[in-house]
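A.B. asks: Chain residues, written in single-letter form:
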Amino acid sequence: MILSKQKPFEEILGYLEGENKVFILGCNGCAQASGTGGPVQVAEMKGKLEMAGKKVTGTNVVDFLCEKALIKSRLGTKIEPLEASDSILVLTCGVGVQAVAASVNKLCHPGCDTINLGGSRGEWSGSERCMECGECVLESTGGICPLTACTKGLLSGQCGGANKGKCEVNPERDCGWELIYNRLKRLNQLDKLRKLAPPKDYGKMLPRVEVMATERWAVERPAWKEVAAK
Amino acid sequence: MSLQSVLESGKFAITAEIGPLKGTDTTEIKEVAELLHGRVTAANVTDQQSAVMRLGSMAVCHLIKDHGLEPVFQMTCRDRNRIALQSDLLSAWVLGIKNVLSITGDLPSLGDHPQAMSVYDLDSVQLLWVISRLNQGFDMVGNELKGKTDFFPGAVVNPGANTEASFELQLFKMEKKIKAGAKFFQTQAVYEPDKFAKFMKRVEGFGVPILAGIIPLKSVGMARFMNKNVAGVFVPEETIQKMATAKDKTQTGVDIAAGLVKDLKDICQGVHIMAIGWEKKVPQILDAAGM
Numbered sequence: 009m010i011l012s013k014q015k016p017f018e019e020i021l022g023y024l025e026g027e028n029k030v031f032i033l034g035c036n037g038c039a040q041a042s043g044t045g046g047p048v049q050v051a052e053m054k055g056k057l058e059m060a061g062k063k064v065t066g067t068n069v070v071d072f073l074c075e076k077a078l079i080k081s082r083l084g085t086k087i088e089p090l091e092a093s094d095s096i097l098v099l100t101c102g103v104g105v106q107a108v109a110a111s112v113n114k115l116c117h118p119g120c121d122t123i124n125l126g127g128s129r130g131e132w133s134g135s136e137r138c139m140e141c142g143e144c145v146l147e148s149t150g151g152i153c154p155l156t157a158c159t160k161g162l163l164s165g166q167c168g169g170a171n172k173g174k175c176e177v178n179p180e181r182d183c184g185w186e187l188i189y190n191r192l193k194r195l196n197q198l199d200k201l202r203k204l205a206p207p208k209d210y211g212k213m214l215p216r217v218e219v220m221a222t223e224r225w226a227v228e229r230p231a232w233k234e235v236a237a238k
Numbered sequence: 016m017s018l019q020s021v022l023e024s025g026k027f028a029i030t031a032e033i034g035p036l037k038g039t040d041t042t043e044i045k046e047v048a049e050l051l052h053g054r055v056t057a058a059n060v061t062d063q064q065s066a067v068m069r070l071g072s073m074a075v076c077h078l079i080k081d082h083g084l085e086p087v088f089q090m091t092c093r094d095r096n097r098i099a100l101q102s103d104l105l106s107a108w109v110l111g112i113k114n115v116l117s118i119t120g121d122l123p124s125l126g127d128h129p130q131a132m133s134v135y136d137l138d139s140v141q142l143l144w145v146i147s148r149l150n151q152g153f154d155m156v157g158n159e160l161k162g163k164t165d166f167f168p169g170a171v172v173n174p175g176a177n178t179e180a181s182f183e184l185q186l187f188k189m190e191k192k193i194k195a196g197a198k199f200f201q202t203q204a205v206y207e208p209d210k211f212a213k214f215m216k217r218v219e220g221f222g223v224p225i226l227a228g229i230i231p232l233k234s235v236g237m238a239r240f241m242n243k244n245v246a247g248v249f250v251p252e253e254t255i256q257k258m259a260t261a262k263d264k265t266q267t268g269v270d271i272a273a274g275l276v277k278d279l280k281d282i283c284q285g286v287h288i289m290a291i292g293w294e295k296k297v298p299q300i301l302d303a304a305g306m
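So the protein lines, in turn, are chains A and B. Here this note's numbering runs 8 ahead of the position in the first sequence, where the first position is 1. Here this note's numbering runs 15 ahead of the position in the second sequence, where the first position is 1.
To be clear, the hints were calculated from the coordinates, so they are not data collected in a lab. C-beta atoms are modelled at their ideal positions from N, C-alpha and C, and glycine is treated no differently. Hints should not be assumed to be uniformly reliable.
Claimed, not checked - Here are some of the chain B residues that sit facing chain A, going by a computed Cβ distance under 7 Å:
| id | residue |
| --- | --- |
| 1 | M16 |
| 2 | S17 |
| 3 | N177 |
| 4 | T178 |
| 5 | A246 |
Stated by the list, open to error - Computed Cβ-Cβ distance ranges for the label pairs, DEER-style:
| id | chain 1 | residue 1 | chain 2 | residue 2 | range |
| --- | --- | --- | --- | --- | --- |
| 6 | A | L195 | B | G25 | 35 to 43 Å |
| 7 | B | E46 | A | G173 | 39 to 47 Å |
| 8 | A | P206 | B | R217 | 22 to 30 Å |
| 9 | B | E252 | A | R216 | 33 to 41 Å |
| 10 | A | K200 | B | L110 | 47 to 55 Å |
| 11 | B | N242 | A | A51 | 52 to 60 Å |
| 12 | A | R216 | B | D40 | 46 to 54 Å |
| 13 | B | N242 | A | A60 | 47 to 55 Å |
| 14 | B | L110 | A | L195 | 17 to 25 Å |
Using the sequences and the hints, build the whole thing.
C.D. replies: Right, here's the structure in full:
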């Protein structure tokens with residue numbers, strides 16, 4: 009899942025300066041779950057824009073704005089209001105805005121900011137996080153990830169900033185290394201703390217080259233599955 | 016006598032700390048360097064302390080060396096990736112800097128540029144290992160250097176960690192730092208010599224010289240602030256009361272610091288005075304301590 013939050017309304021109005029007619033597109037996927045671009049938020053945005061003196065030529069909420077085939081089939085029936093608009097305001101994540109901009113020959117404005125998931129996979133209540141670092145270290149840390157549990161992501165142990173078991177950055181936040189210590193102690197595995205942790209290969213944390221390619225060929229073609237399997 | 020020879024010969028070392036200011040005015044740094052010359056073994060130069068952007072540690076190390084004061088180059092892992100860290104180490108060596116203190120570094124969110132990207136590509140233990148590699152004549156991926164370094168690497172430890180887990184974690188990390196090449200330690204501020212003696216007992220077997228940290232108190236407010244906010248620092252109420260009832264608070268602050276130097280002298284291998292703006296009072300503190 010991808011998390012997003014709506015941009016401040018003033019910022020959106022700024023994008024629309026000099027334009028009168030706007031079409032609003034929302035997404036029934038992650039943007040709806042984020043509460044930023046579902047049917048409710050699209051209707052709200054329509055009302056706010058009209059209050060601000062803009063003409064809303066039409067609205068639509070597509071199941072998944074990241075899917076170009078869906079965008080094209082769903083907007084096929086909306087060609088007239090779309091063509092009569094100066095621009096499209098897209099209430100969804102960065103992937104969706106790009107997919108719409110690539111599918112429709114109109115100026116597209118992003119209505120949302122996409123938020124870093126910080127190792128979570130979206131909205132759920134668990135506190136476990138994975139940074140997708142490409143070389144898992146959980147073996148030596150009692151199954152608690154130091155990259156995500158420690159604010160600094162330290163591999164070699166606690167910094168000097170822990171105070172009464174909490175992180176100096178936020179007194180509400182547990183020191184990740186104290187959690188690791190307590191877990192290892194319970195498991196009688198404290199010796200694991202003596203091992204030097206080699207520097208990480210952060211190259212492994214970068215997105216795969218195929219995904220970063222400008223042509224996005226790997227994502228677009230069936231062959232990407234073969235690449236991913238390698 | 017260099018910091019390394021003082022510590023290796025078992026003599027008592029005194030280090031001070033210089034915090035560069037924001038800007039290019041180096042007048043005070045030069046004054047402090049001249050004042051401390053001959054009184055301390057060496058002086059640390061902080062590296063963007065508290066994640067506040069200032070004049071750089073390497074340049075100031077070079078500057079105080081020109082004024083006769085041996086520098087300890089503090090290096091945090093917060094602002095540089097492994098390429099920049101190694102390159103800066105080579106640069107520091109070329110500038111005649113011998114001592115390096117490896118630290119993780121405060122998070123940018125605590126400083127004056129909270130928007131900054133924090134790096135932490137390496138951590139303090141890994142940086143010590145990298146320094147050891149450079150001393151052996153190789154970079155961290157094994158490429159041979161044309162001309163190697165011969166740094167005297169140091170590290171920090173917080174002896175006042177206030178949970179069992181925290182205390183044990185500090186000791187585990189200390190062991191790792193020694194394994195990675197640390198030759199001396201400087202500690203967070205100590206106000207209770209008795210408790211510190213217990214810490215020293217625990218780390219006796221490590222066989223590495225330890226310089227106890229001293230932060231002179233300037234006011235009651237400062238003591239209470241540290242007790243509340245600074246991890247591992249605890250100023251006992253008795254000391255706070257001495258400040259509260261003092262007629263001359265500056266003199267009392269100096270006397271308390273001098274008392275700590277005297278008490279710590281027989282417990283550890285040196286003291287590290289972090290004066291935080293009171294650098295020019297360090298000679299007074301040493302006079303009062305009879306050093």
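A.B. asks: The structure should be examined with respect to each hint, and the outcome stated for every one.
C.D. replies: Now the hints, each set against the structure:
no. : hint                          : in the structure
1   : M16                           : violated (29 Å)
2   : S17                           : violated (27 Å)
3   : N177                          : holds (6 Å)
4   : T178                          : holds (5 Å)
5   : A246                          : holds (4 Å)
6   : A:L195 <-> B:G25: 35 to 43 Å  : holds (41 Å)
7   : B:E46 <-> A:G173: 39 to 47 Å  : holds (43 Å)
8   : A:P206 <-> B:R217: 22 to 30 Å : holds (28 Å)
9   : B:E252 <-> A:R216: 33 to 41 Å : violated (59 Å)
10  : A:K200 <-> B:L110: 47 to 55 Å : violated (40 Å)
11  : B:N242 <-> A:A51: 52 to 60 Å  : holds (54 Å)
12  : A:R216 <-> B:D40: 46 to 54 Å  : holds (49 Å)
13  : B:N242 <-> A:A60: 47 to 55 Å  : holds (53 Å)
14  : B:L110 <-> A:L195: 17 to 25 Å : violated (48 Å)
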